[in-house]
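Residue numbers (my numbering), protein chains in the order written: chain E, 1 to 439; chain G, 1 to 439.
Hints are not guaranteed to be accurate.
Copies of one chain are not kept apart here, so a pair can be met inside one copy or by any two copies together.
To be verified - Dumping the calculated EDC-like pairs for lysine to aspartate or glutamate here, alpha-carbon to alpha-carbon at most 20 Å: (1) Lys238 to Asp354; (2) Lys337 to Asp25; (3) Lys222 to Glu196; (4) Lys150 to Asp25; (5) Lys5 to Glu65; (6) Lys150 to Glu345.
These aren't lab readings, by the way, just hints derived from the structure by calculation.
2 protein chains.
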Amino acid sequence: MNTLKVALLGCGNVGSQVARILLDDAADLASRSGARLELAGIAVRNVDAPRDVDLPRDLFTDDAETLVKDADIVIELMGGLEPARSLILRSIEHGASVVSGNKALLAADGPALYEKASAAGVELYYEAAVAGAIPILRPIRESLSGDRIKRVLGIVNGTTNYILDQMDTTGAAFEDALKAAQTLGYAEADPTADVEGLDAAAKGTLLASLAFHTTFPLDAVKCEGITGITSADIDAAKDTGFLIKLLAIAEKQPTKDGGEGVSVRVHPTLLPRTHPLAAVHGAFNAVFVEAENAGELMFYGQGAGGRPTASAVLGDVVSAARRMVSGGRGRTETTGKHLPVLGEESILTSYYIDIDAADQPGVLAKIAHVFADHGVSIEVMRQTMHTEDLVSIADGTASAELRIITHRGTEESLAATVEAIKDLDIVNSVTSVLRVEGV
Amino acid sequence: MNTLKVALLGCGNVGSQVARILLDDAADLASRSGARLELAGIAVRNVDAPRDVDLPRDLFTDDAETLVKDADIVIELMGGLEPARSLILRSIEHGASVVSGNKALLAADGPALYEKASAAGVELYYEAAVAGAIPILRPIRESLSGDRIKRVLGIVNGTTNYILDQMDTTGAAFEDALKAAQTLGYAEADPTADVEGLDAAAKGTLLASLAFHTTFPLDAVKCEGITGITSADIDAAKDTGFLIKLLAIAEKQPTKDGGEGVSVRVHPTLLPRTHPLAAVHGAFNAVFVEAENAGELMFYGQGAGGRPTASAVLGDVVSAARRMVSGGRGRTETTGKHLPVLGEESILTSYYIDIDAADQPGVLAKIAHVFADHGVSIEVMRQTMHTEDLVSIADGTASAELRIITHRGTEESLAATVEAIKDLDIVNSVTSVLRVEGV
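Based on the provided sequences and hints, a complete structural model is requested.
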């Protein structure tokens, strides 16, 4: 049996688990790979820093350049753009296959790196970069390679899913649920990247590029976080058989010129409680895929954490090793396309709108008229009168709550409808606007 | 660009969709495979039989032997053991890679076929044979190849899931839900294979062999169907926050001699309503995987149907084509192990037991005593007095309902406990015994 040299770059939360498994499960990994996987070294900035896992001291080096020179497989878990990018390119030049968990680098530079790997006939795998332990890259790249994916809806940020799940199940306010997430280590001291949807946006672009064999610029993601979600929103959703999840939605749609375009958006979304994504609790992640022939598929699991992410990394390592053992060139990525980014005039969605209006005759008709004017049709409309104040009913200043769910329309026309409703004199305020999926 | 000749054996529900996609989506499939996929012919018993899909008449032949001789990739969708097995072996001998959806053949003869394919350096893929459109073979064989799977829980039979879902959501009785399934084409006129769990058992053995790299004999599956499930069982489950699903459970556990063994069982199972498998509605399938490092994963989708299953077949076809384009030998299966089959003394589960007992002082103590004698501990016990009949309370013949959920114990000790409880003079009857998972 041959031996393949494995170089590990980075030894944090995930890297230390990868090293542990390479050492502890060497026999199993060898029988599955068809080759012994020898951990040749671990490159870190500071070889003396304390580690979560007890690993042999002599494996550590601060000379990553030299380490990758001799490696057959390079595992890059440093994060960040540089020196990760240069080391990956160096590894590919030396003929090594590369396994990376570097979401930021792949979202920024993926296509250029795939091209280099493909030209060199080596593998570049990155299962761990999207949704942690969930096998999503291989199912999309291989199992669905004979199908056409139409849409991907992902719960790809565990922190925000934990917060929304807590608000839903315990009635906690946003701030308290966030504090609980911070205490449990799910959320960072500065939670901006999570709660504003920026992390989900980066993962959404990776999902879009995988699913639609194209590139998608991160700055073209329409992104809205969950900081505006109140307990009242959660309760209103509950009342109507829905719940709120932060989704990254990547979608392919026809363009007006007869071609195809792609959109990626991140926003809090109402989902029916019977939807498979509604059963994703706590800090778990899930990716829901709609394909032309396969129909609806969902992939569920842990989106983060040292051991789960290490599992994804090692699956890639074994795949790369098997390929080396069996011979043949590395698999070519087919992300060559550059489909146009769709604008608001092409994105179809449906809105839930909560309106505080005067309780007067003709109010419903006036509001319905605004919808009709914008070509938006109404699926459900519910009116609840606020009857606490009998005096206000008598003097005509009583208010009513209207909850409306629209049919699918363009983002553009729906947004314009909401603006026009706000301008009606019989409307006190539009208290909530949320997008709806799965109906 | 090279051309690869594809031979299709069988043109039923799935085969006709595979042929349609090969013809309609030829350009996309070529760009993903790196080779043109030419449908060289379709072997059927009767070339003049009517088809669901309109396909060119000159593709059909009744001479499968000659068709496979020239093929690079053979798609076997005939079903049954012969002549499917002989034709697959003939194809492998000719150097073709094989894609099969033949669950029965693979459950019976898989290991021998993998061995032949591996010796010939060709591929044998069978994603469509397990859980239809759901990518499960590739995630288990590749994405989790660096991890260790402990347990697989599968909703792998759409018919029974539809029936149980109907009973749960509409309150229908078993017979009515079965009739509805038959009307919709989900259940056959003779539904035995589905409702008795035999179909799920065959899929359970395939899942076990995939997950644990071993063989598992179909006749060693402990199998119990859903014909005994009553509306009362469904309601009792609802009362306690559970629902009932038919699960195929494949599990690896230590044996007494320090080795490892595998069990596969199929039975109706209580699951908490918050469990991801509880959100699998209608005729959908899902496979829940527990791995040592990845933790909990779930794969969800359509388990049957022409187009969804064709999607899985074509994913395999593209993978096989890519391998031929890139060169190298076919991937070796690692199902070489023959782990022992575990008996009832090693299978751990927890029971839900519904007991109709006399409403007398000391009843609870007597029942609790039986559990303790068998080393089974109780997690939850609930007592409901039947108060309708005041006379019976007065004369001491009143009865009470006891609902008990146990901690995990061996199947052997739990079954013995139930028998001993039935023998108690204060027990009128044990009205329901169901296994519980996910608690």
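Check the structure against each numbered hint from earlier and tell me which ones fail, lowest number first. none
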